[in-house]
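Chemist: Sequence:
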Amino acid sequence: MTRTNDITSLVPFTPAAMFDVWKVGVMAFELWTTSLSTIAMRNNLWYTQIPTSPRMMKENQRMVNEKLDASMEVATEMNKAVLNMFSGQYTPWWVTSRRALMPLHRRTTANSRRLSR
Numbered sequence: 002m003t004r005t006n007d008i009t010s011l012v013p014f015t016p017a018a019m020f021d022v023w024k025v026g027v028m029a030f031e032l033w034t035t036s037l038s039t040i041a042m043r044n045n046l047w048y049t050q051i052p053t054s055p056r057m058m059k060e061n062q063r064m065v066n067e068k069l070d071a072s073m074e075v076a077t078e079m080n081k082a083v084l085n086m087f088s089g090q091y092t093p094w095w096v097t098s099r100r101a102l103m104p105l106h107r108r109t110t111a112n113s114r115r116l117s118r
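Going by our numbering, the first residue of the sequence shown is number 2, and it counts up by one from there.
Calculated directly from the structure, the hints in this document are not laboratory data. The structure displayed is predicted, hence computed values, not measured ones. A hint or two may mislead.
Claimed, not checked - Computed list of lysine-lysine pairs in DSS-like fashion (alpha-carbon distance at most 27 Å, straight line):
| no. | residue 1 | residue 2 |
| --- | --- | --- |
| 1 | K68 | K24 |
| 2 | K24 | K81 |
| 3 | K81 | K68 |
What the hints assert, rightly or not - So the derived label-pair ranges between C-beta atoms look like this:
| no. | residue 1 | residue 2 | range |
| --- | --- | --- | --- |
| 4 | W33 | R115 | 16 to 24 Å |
| 5 | E31 | Y91 | 24 to 32 Å |
| 6 | A17 | Q50 | 44 to 52 Å |
| 7 | S117 | V27 | 14 to 22 Å |
| 8 | P16 | N61 | 41 to 49 Å |
| 9 | M58 | N80 | 28 to 36 Å |
| 10 | W47 | P16 | 43 to 51 Å |
| 11 | N45 | T15 | 15 to 23 Å |
Just so you know, even glycine gets a beta-carbon here, dropped at the ideal spot from N, CA and C.
Build the full structure now, drawing on both the sequences and the hints.
Modeler: Below is the structure:
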């Protein structure tokens, strides 16, 4: 009897897989730092602008829409991973993690660039 959930499925052994794990770590760190800077820049915007100004209303609406869109994309990736598991296709955690972090990473870096102008 063979087990499919042994240590070889949790630890990457090929250089390509190890590089993917490294990319997930870098992406998570970048996501963390850009999220903090974006929050700080939005707080600064809230302190310096009138809350009912058209620019602030537009920025707040954009923020909410982007969060909802990113959440839906993350949920879609996680659902695809679960459905693939049920159908017998195994995707390593480092691939699934990267796919799930990608929408959030893309939006936070874009927001950070946009708000820093």
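Chemist: If a hint holds in the structure, say so; if it does not, say that too.
Modeler: These are the hints, each one checked on the structure:
1. For a cut-off of 27 Å, the pair hint linking K68 to K24 stands: about 23 Å separates their Cα positions.
2. A C-alpha spacing of about 21 Å is found between K24 and K81, which places the hinted pair at or below 27 Å, so the restraint holds.
3. For the hint pairing K81 with K68, the CA-to-CA distance comes to about 20 Å; that is within 27 Å, so the pair holds.
4. Take W33 and R115: their Cβ atoms lie about 19 Å apart, and the range 16 to 24 Å holds.
5. Taking 24 to 32 Å as the suggested C-beta distance range, the pair E31 and Y91 conforms, at roughly 27 Å.
6. Checked against the given bound of 44 to 52 Å, the beta carbons of A17 and Q50, roughly 47 Å apart, stay inside it.
7. Taken as a hint, the range 14 to 22 Å holds for the pair S117 and V27, whose Cβ atoms sit roughly 20 Å apart.
8. Taken as a hint, the range 41 to 49 Å holds for the pair P16 and N61, whose Cβ atoms sit roughly 45 Å apart.
9. At about 33 Å, the beta-carbon gap between M58 and N80 stays in the expected band of 28 to 36 Å.
10. For the hinted restraint 43 to 51 Å between W47 and P16, the CB-CB distance of approximately 46 Å keeps it satisfied.
11. Restraint check, N45 to T15: a C-beta distance of roughly 45 Å breaks the suggested window 15 to 23 Å.
Of the numbered hints stated above, the single one contradicted by the structure is hint 11.
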